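Novice: As a plain string of letters, each chain reads:
There are 2 protein chains.
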Amino acid sequence: MKFQTVLILVLLFILPQYISISQKKDANASRPYEEVAKQIISEGLKSCNSYSLLKDLSLNIGPRLVGSPSAQKAVEWGMKTMKDLGFQNVRLESCMVPHWVRGQVEEGTIILTSGSELPIKICALGGSISTPEDGIIAEVLQVKSFDELKSLGEKAKGKIVFFNRPMDPTKYNTFEAYGGAVNQRSVGAIEAAKVGGVTALVRSMTLRLDDVPHTGAMHYVDTIQKIPAAAVSTIGANLLDSLLKIDPHLKVKVKLSCQTLPDVQSANVIGELVGTEMPQEIIVIGGHLDSWDKGQGAHDDGAGCAHSIEALRLIKTLGLKPKRTIRVVLFMNEEFGLNGGIAYAKRERPGEKHICAIETDAGGFIPRGFGVGGDSVKYQSLARWSYLLDPIDAGRITRGGGGADISELGKLGVTTIGLRVDTQRYFDYHHSDNDTIDKVNERELELGAIAIAIFSYVIAEEGI
Amino acid sequence: MKFQTVLILVLLFILPQYISISQKKDANASRPYEEVAKQIISEGLKSCNSYSLLKDLSLNIGPRLVGSPSAQKAVEWGMKTMKDLGFQNVRLESCMVPHWVRGQVEEGTIILTSGSELPIKICALGGSISTPEDGIIAEVLQVKSFDELKSLGEKAKGKIVFFNRPMDPTKYNTFEAYGGAVNQRSVGAIEAAKVGGVTALVRSMTLRLDDVPHTGAMHYVDTIQKIPAAAVSTIGANLLDSLLKIDPHLKVKVKLSCQTLPDVQSANVIGELVGTEMPQEIIVIGGHLDSWDKGQGAHDDGAGCAHSIEALRLIKTLGLKPKRTIRVVLFMNEEFGLNGGIAYAKRERPGEKHICAIETDAGGFIPRGFGVGGDSVKYQSLARWSYLLDPIDAGRITRGGGGADISELGKLGVTTIGLRVDTQRYFDYHHSDNDTIDKVNERELELGAIAIAIFSYVIAEEGI
Chain A
1 MKFQTVLILV
11 LLFILPQYIS
21 ISQKKDANAS
31 RPYEEVAKQI
41 ISEGLKSCNS
51 YSLLKDLSLN
61 IGPRLVGSPS
71 AQKAVEWGMK
81 TMKDLGFQNV
91 RLESCMVPHW
101 VRGQVEEGTI
111 ILTSGSELPI
121 KICALGGSIS
131 TPEDGIIAEV
141 LQVKSFDELK
151 SLGEKAKGKI
161 VFFNRPMDPT
171 KYNTFEAYGG
181 AVNQRSVGAI
191 EAAKVGGVTA
201 LVRSMTLRLD
211 DVPHTGAMHY
221 VDTIQKIPAA
231 AVSTIGANLL
241 DSLLKIDPHL
251 KVKVKLSCQT
261 LPDVQSANVI
271 GELVGTEMPQ
281 EIIVIGGHLD
291 SWDKGQGAHD
301 DGAGCAHSIE
311 ALRLIKTLGL
321 KPKRTIRVVL
331 FMNEEFGLNG
341 GIAYAKRERP
351 GEKHICAIET
361 DAGGFIPRGF
371 GVGGDSVKYQ
381 SLARWSYLLD
391 PIDAGRITRG
401 GGGADISELG
411 KLGVTTIGLR
421 VDTQRYFDYH
431 HSDNDTIDKV
441 NERELELGAI
451 AIAIFSYVIA
461 EEGI
Chain B
465 MKFQTVLILV
475 LLFILPQYIS
485 ISQKKDANAS
495 RPYEEVAKQI
505 ISEGLKSCNS
515 YSLLKDLSLN
525 IGPRLVGSPS
535 AQKAVEWGMK
545 TMKDLGFQNV
555 RLESCMVPHW
565 VRGQVEEGTI
575 ILTSGSELPI
585 KICALGGSIS
595 TPEDGIIAEV
605 LQVKSFDELK
615 SLGEKAKGKI
625 VFFNRPMDPT
635 KYNTFEAYGG
645 AVNQRSVGAI
655 EAAKVGGVTA
665 LVRSMTLRLD
675 DVPHTGAMHY
685 VDTIQKIPAA
695 AVSTIGANLL
705 DSLLKIDPHL
715 KVKVKLSCQT
725 LPDVQSANVI
735 GELVGTEMPQ
745 EIIVIGGHLD
755 SWDKGQGAHD
765 DGAGCAHSIE
775 ALRLIKTLGL
785 KPKRTIRVVL
795 FMNEEFGLNG
805 GIAYAKRERP
815 GEKHICAIET
825 DAGGFIPRGF
835 GVGGDSVKYQ
845 SLARWSYLLD
855 PIDAGRITRG
865 GGGADISELG
875 KLGVTTIGLR
885 VDTQRYFDYH
895 HSDNDTIDKV
905 NERELELGAI
915 AIAIFSYVIA
925 EEGI
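Protein chains in written order, with my numbering: chain A, 1 to 464; chain B, 465 to 928.
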């Protein structure tokens with residue numbers, strides 16, 4: 001080996017090592033925004049103001065199904081709340097939304113061949129048609145999958161099709177478990193009708209064993225007969241499963257009085273802190289203002305609304321003046337067709353450029369970090385800020401992320417980001433009477449708002 | 465530079481780099497125990513058996529203050545539970561423990577100078593003497609610190625000293641906030657008596673504003689007069705604070721009927737899975753079986769008992785045969801003097817060698833990782849397993865950790881390790897009527913057991 005060769009090797013291998021070490025030292029020395037992040041954490045945890053916001057929304061507005069008078073009140077609440085906090089350009093951006101109503105009647109009954117009757121807790125799925133006034137009474141075909149249903153040929157004809165595939169408890173991420181079961185709810189009625197079923201009865205989307213049915217959106221297609229669709233509580237589902245084993249010809253009666261009314265006008269609610277240097281560059285932070293008509297929509301997604309408003313309040317209260325505009329958007333109708341998200345993305349905004357959109361729609365639980373959509377360059381640019389979130393254990397910036405409301409923005413090339421929170425308890429409450437303010441912990445909720453405040457502020461300063 | 469010098473440099477710098485890279489590749493390629501960890505996660509989340517254990521302990525034994533008949537029942541419960549699960553060498557190791565009883569009377573009343581009376585929620589602190597039968601009625605001196613108390617000279621004489629320094633809400637880690645306030649509870653009565661105070665009334669150790677007093681241990685010293693000590697709910701503390709501002713000569717009446725009875729015999733409960741190759745090398749996993757007499761001791765520390773038993777059950781159920789012995793220890797009397805922990809550490813165990821002790825005593829919340837006491841070599845040896853815990857977001861292995869019950873083992877040189885869980889909700893429940901099974905989430909609890917199972921198993925296989 002020549003001396004020169006050795007020298008080159010030394011330069012190639014040793015110098016980069018030294019440079020890398022010295023860079024690390026520099027980074028440790030400077031760590032910009034660390035002081036600001038600390039202030040945000042301190043101010044947030046001291047006030048826990050997000051909880052006051054969410055309590056107000058949960059108790060004084062309550063459930064706010066899209067199209068309902070209560071959803072309209074929620075829109076007014078959003079306007080007033082952001083105006084009272086002194087946000088800038090507080091305004092509505094209107095959109096048309098569907099208006100489905102549950103009605104008064106929701107009854108489920110198991111009728112044994114002996115004639116004995118056992119009530120089970122059911123509720124209409126969102127978008128379902130009603131049953132005839134006297135209900136539908138039919139034998140039950142239990143299936144775990146659409147493939148199984150198809151394989152049974154004519155057996156579904158005239159039957160109530162009972163979709164009873166549980167969420168997989170072995171998945172650590174409960175959204176993954178949800179994803180593996182929710183097609184039963186969303187398109188079960190279509191699949192059941194295809195094979196002659198008269199009603200779709202779907203096991204509630206929760207990992208818990210309890211007697212509370214969990215609603216959620218279902219869909220029809222024009223080419224397939226519409227049949228009613230209802231969720232049954234997991235206790236009801238297990239009971240029905242057990243009884244079918246000993247009395248396979250039992251019947252179930254389902255009575256629903258829901259209906260779809262004409263579309264109505266509603267709106268996204270918007271407020272912002274205008275950027276001092278690049279006001280036309282926008283960072284959206286938001287959740288959805290509509291909820292299901294069960295419970296109070298506290299975690300889904302009152303928490304996201306409270307997170308977003310509180311994040312901007314924290315930035316404003318601390319007297320921070322971000323270079324770019326941070327805009328809170330409370331989207332209307334995530335649950336039932338994304339009208340608000342679509343309307344927001346479609347609207348002409350001359351001169352404006354969206355840098356990114358951050359959605360929070362996974363509940364008010366302890367934050368873990370952010371999921372970042374888009375390419376690896378953008379991811380790297382954002383992942384470098386994790387040290388600002390580490391003091392609250394929320395510094396896990398991972399690839400892939402966003403949210404339903406901002407998905408249309410994503411299609412336009414905007415970087416979409418989702419707040420990642422712990423998922424263990426979410427489906428205990430989701431879309432049910434359990435989703436109430438007492439299930440929200442003040443500090444866990446506030447930490448979500450703090451994480452968004454830190455992340456959106458640093459992006460507003462530094463771009464991506 | 466001589467050629468040899470350069471060559472040496474190359475050998476010094478480049479080779480280790482290559483070796484390091486190749487080691488990393490090997491580790492990535494193999495990642496031992498990953499499959500086992502997955503099995504443990506899957507089996508745990510499917511069964512959530514820790515919750516069944518904790519429900520049984522919480523509802524069928526309930527609160528189990530050291531020395532009480534209920535604590536004795538808990539000992540029997542621990543024996544039966546571990547025997548039923550087929551653990552090996554299930555046994556008791558006896559120790560003497562204190563026996564303090566709360567008594568029937570706990571009354572707190574604010575008496576305004578007008579004569580009006582307002583009840584406040586108080587409870588005796590553990591270890592306190594009783595008041596005279598008619599109670600103690602005295603004016604109140606409010607202080608935020610011992611320094612302030614000392615600076616007030618004679619003013620405390622004959623007064624009820626009201627320690628009202630809240631836990632600092634701006635601390636993310638609530639144990640840190642607790643650490644900053646708890647001396648008021650533990651030695652407030654000593655400090656108050658030193659300056660002539662007649663009772664110590666202490667703001668409850670919680671970040672929440674609620675009307676539930678939180679008890680906990682307090683101490684006397686022989687050289688200082690013993691005075692009664694009670695906790696007041698945070699709502700009661702705020703009320704008293706407000707009223708003192710407008711009526712500084714108001715009085716408070718405190719009535720307590722607690723007393724200390726003679727020590728009784730109790731025991732640590734032990735069960736194990738004997739190691740197949742090095743049975744004399746021991747990995748302890750444990751929590752404490754005693755609790756306060758408020759609530760059900762569900763999080764503190766029923767959760768730790770359930771974690772420990774379930775961790776060993778998971779290992780056993782999956783047919784794993786660890787080389788070293790994993791030993792569950794349910795310690796007696798963490799709350800009131802560590803008798804069980806001290807007795808365990810002092811006992812002669814010929815031929816045995818303790819590799820480490822893992823304690824879980826921070827509640828049944830979502831796990832974050834482990835804190836490892838001892839030197840950096842041991843830390844590094846354990847931190848390498850974090851990838852096994854990352855799939856459940858519990859891979860943060862940090863330096864510094866242990867637990868009260870295993871602190872005596874630590875003094876003997878045993879590596880002490882603490883399960884780190886999320887701390888936000890812990891003090892909402894701690895030492896109060898709020899600490900009940902309904903505050904525990906099945907999956908969060910089970911994930912703690914899973915983390916301990918994975919970590920203790922890999923240590924039992926690989927040592928430290």
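Hints were generated in silico from the structure; no laboratory data involved. Some hints here could point you the wrong way.
What the hints assert, rightly or not - Just the calculated beta-carbon pair ranges, DEER-fashion: (1) T109(A) with G643(B): 53 to 61 Å; (2) H249(A) with D520(B): 53 to 61 Å; (3) D611(B) with Q39(A): 25 to 33 Å; (4) N183(A) with G550(B): 39 to 47 Å; (5) E34(A) with P814(B): 50 to 58 Å; (6) E612(B) with E35(A): 44 to 52 Å; (7) D674(B) with R399(A): 35 to 43 Å.
Stated by the list, open to error - Not the full set, but computed from the structure, chain A residues with beta-carbon under 7 Å of chain B: (8) L45; (9) K46; (10) K251; (11) I366; (12) D422; (13) E444.
Source: prediction; values computed, not measured. Ideal Cβ positions, reconstructed from N, Cα and C, are used throughout, including at glycine.
Novice: For this structure, which hints from the list above don't hold up?
Specialist: 2, 6, 10
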